[in-house]
Amino acid sequence: MKEFSNNVDIKDWYISHFQAFENSLNGSSKAPFHQIRRSAIAKFADLGFPGRRDEEWKYTNLSPLLKHQFPVAARPTSLPAETVRQFVFKGLAENLLVFVNGRYSRELSNYRAPANGVIVDSLGNALKNRPEVIDRYLAKYAPFEKESFVALNTAFAVDGAFIYAPDNVAVEQPVHLLYISDASAGSHFASPRNLIVAGRNSQVKIVESYHGLGENPYFNNVVTEAAVNENARVDHIRIQDERLNAYHVYSLETHQQQNSVYWMVNVDMGGALVRNNLTLTLDAENCEGHLLGFYMANGKQHIDNHTAIDHAKPNCFSNELYKGILGGKAKGVFNGKIFVRRDAQKTNAYQNNKALLLSEEATINSKPQLEIFADDVKCSHGATVGQLDNEALFYLRSRGIPQEQANSILQYAFASEVFGHITIDSVREHLEEIIEERFARL
Amino acid sequence: MLTIRDLKVSVEGNQILKGVNLEIKAGEVHAIMGPNGSGKSTLANALAGREDYQVDSGEVLYRGKNLLEMSPEDRAREGVFLAFQYPVEIPGVSNANFLKTALNEIREYRGLEKLDAMEFLTLVKERMQLVEMDPKLLNRSVNEGFSGGEKKRNEIFQLAVLEPALAIMDETDSGLDIDALKIVANGVNKLRSKDRSFLVITHYQRLLNYIVPDVVHVLVNGRIVESGGKDLALHLEEHGYDWIKNEREAPVTM
Numbered sequence: 001m002k003e004f005s006n007n008v009d010i011k012d013w014y015i016s017h018f019q020a021f022e023n024s025l026n027g028s029s030k031a032p033f034h035q036i037r038r039s040a041i042a043k044f045a046d047l048g049f050p051g052r053r054d055e056e057w058k059y060t061n062l063s064p065l066l067k068h069q070f071p072v073a074a075r076p077t078s079l080p081a082e083t084v085r086q087f088v089f090k091g092l093a094e095n096l097l098v099f100v101n102g103r104y105s106r107e108l109s110n111y112r113a114p115a116n117g118v119i120v121d122s123l124g125n126a127l128k129n130r131p132e133v134i135d136r137y138l139a140k141y142a143p144f145e146k147e148s149f150v151a152l153n154t155a156f157a158v159d160g161a162f163i164y165a166p167d168n169v170a171v172e173q174p175v176h177l178l179y180i181s182d183a184s185a186g187s188h189f190a191s192p193r194n195l196i197v198a199g200r201n202s203q204v205k206i207v208e209s210y211h212g213l214g215e216n217p218y219f220n221n222v223v224t225e226a227a228v229n230e231n232a233r234v235d236h237i238r239i240q241d242e243r244l245n246a247y248h249v250y251s252l253e254t255h256q257q258q259n260s261v262y263w264m265v266n267v268d269m270g271g272a273l274v275r276n277n278l279t280l281t282l283d284a285e286n287c288e289g290h291l292l293g294f295y296m297a298n299g300k301q302h303i304d305n306h307t308a309i310d311h312a313k314p315n316c317f318s319n320e321l322y323k324g325i326l327g328g329k330a331k332g333v334f335n336g337k338i339f340v341r342r343d344a345q346k347t348n349a350y351q352n353n354k355a356l357l358l359s360e361e362a363t364i365n366s367k368p369q370l371e372i373f374a375d376d377v378k379c380s381h382g383a384t385v386g387q388l389d390n391e392a393l394f395y396l397r398s399r400g401i402p403q404e405q406a407n408s409i410l411q412y413a414f415a416s417e418v419f420g421h422i423t424i425d426s427v428r429e430h431l432e433e434i435i436e437e438r439f440a441r442l
Numbered sequence: 001m002l003t004i005r006d007l008k009v010s011v012e013g014n015q016i017l018k019g020v021n022l023e024i025k026a027g028e029v030h031a032i033m034g035p036n037g038s039g040k041s042t043l044a045n046a047l048a049g050r051e052d053y054q055v056d057s058g059e060v061l062y063r064g065k066n067l068l069e070m071s072p073e074d075r076a077r078e079g080v081f082l083a084f085q086y087p088v089e090i091p092g093v094s095n096a097n098f099l100k101t102a103l104n105e106i107r108e109y110r111g112l113e114k115l116d117a118m119e120f121l122t123l124v125k126e127r128m129q130l131v132e133m134d135p136k137l138l139n140r141s142v143n144e145g146f147s148g149g150e151k152k153r154n155e156i157f158q159l160a161v162l163e164p165a166l167a168i169m170d171e172t173d174s175g176l177d178i179d180a181l182k183i184v185a186n187g188v189n190k191l192r193s194k195d196r197s198f199l200v201i202t203h204y205q206r207l208l209n210y211i212v213p214d215v216v217h218v219l220v221n222g223r224i225v226e227s228g229g230k231d232l233a234l235h236l237e238e239h240g241y242d243w244i245k246n247e248r249e250a251p252v253t254m
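Chains as they are written, first to last, in the numbering used here: chain Y, 1 to 442; chain P, 1 to 254.
Since the hints were derived computationally from the structure, they do not count as laboratory data.
Please note: incorrect hints may appear among the correct ones.
One-sided excerpt, in silico: chain Y residues whose CB lies under 10 Å from chain P [claimed, not checked]: (1) E22; (2) L396; (3) I409; (4) E429; (5) E433.
Computed from a prediction, not measured in an experiment: that's the story for all the values here.
Where a beta carbon is used, it is the ideal one built from N, C-alpha and C, also for glycine.
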């Protein structure tokens, strides 16, 4: 495999594959969304990949990702059902949409068709069957004009999840979007695209999880958009537990209407190089946005969380808590923006981020960034970096708990402030199990 | 049970214990009294194995084993318990889970079956009564937001659950009002047995009215300068530590 030395060549490599991708779409290239794909690839050609001179990418070096030529994962593939089972959360086996290399797998999925007009389907199917909803919502929030990874995703977006809760319906069962990247036979580049639409007075719970198989490097470039209408509530959990051969870029854009509530709990454990761009837009009065994050990294992992909470209108509340544990030579980046627009009087916005460094060589770059244009607001932010509390460690050991276990107990305690907000018990318990095992290895 | 021979311990390069000798037999309660800075807490922490306490020389035999070579967790599993002077708050770790983990580690080490959730609950409910502890504290994070008295009761409650052979109580009386002190002392008295020894460290004689010791030692400037019966504590209360400092050249027989 030839390695590229600069961003321009690899950009062209992705662009050069758009034509072949377009041809593979057959009839669906006539749909309105395909015009958006075309605009997006043109935008991507303008933007290119960001470099480190770009302020937003100052601490994240993309060159390990950009040296790879990843072929586009265009064709659906499958996996043995027993391989998939290890990733299924207890209690969610019948609320499952499975995606392999970004493409929906009908035979691996298991979702009982819900009543009341709720739609839980692949985006691929929705693009064919539900043009009216797609045209109204898809690519309306994630800014492909500005963000190169969103542009790249939009250009190649062909599948993902489509979740639609109609007005006045509370979808009780959580939906699990299970993304498995199978890199055992070769490398690939996938562009999962999720669209969540919550109608007026609706409620919906979504769990996205990302896992990997095989040893070849691969690139997952995900975009999730959520349109949250009046008085709706969305509970959204993302768990990224890819393998260490994964490059993972995840962009979330939410758009909230009056009196709506959005809860996001974002957990990153895997991946060689991970970048999250999470933006909550509170675009009407009396909205609540909650953004909770936890990440853990070891070895040479790099996990970058760029978050933005945009208070566009008055009387909204936002709360952000981000916590990370870094061991080995791992690097963490946290950048938390809070915008309070001129109209957004009586805003309450709180942000806190805390990192635990378990080794001398682990690093965190942490930057809260508040931009406030209204004068009657309450905003606060805090950032701490520390080590495990030696006094607490000794206390646990003095009661007979071995050092390694005492370490994991304290790490778990640190993380629990975030996990405590996961309202879906089976997901929280599943995470607790994984995390406990990982902590022992940190 | 415990034999300390010529123990010298430094903290941050300063020698605090300058040759301590002590012998505690099974079932005995020994009190160590002394003025501030005499090395009482250093002795407690060195016995529990805290890292910052550097043993310069000397020997500590616990049930015939070299205690100083053991990790803090092994000391605990062997049956040594330190009731902390300042119990640490550990947010996010529930008191119940913490204690269950500790108890089962110790039980496993001793070749006993681990307790399941129900058995554990039955045990802790019974032991909580010993120190009249509010059962709600079980589900709270370890010591988080506990009052001073609640923290000390929690220490003695842990002692009651973990059933050590040697309990070291580091100024358990500090910060307790008289009612709380009586409750804690009463709990300790119920835990006294012919197989369990106590080393009670205190600045004041008050506690020893309720936990009556077999032997009282006076620690001054890193050495035990007097040992005697329970009356020694009363004598100290009356005459203060200056008496010891003045009189130590001329031995006092108690």
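(request) Tell me, in ascending order, the numbers of any earlier hints that this structure violates. (result) The structure conflicts with hints 1, 4, 5, although it agrees with all the remaining ones.
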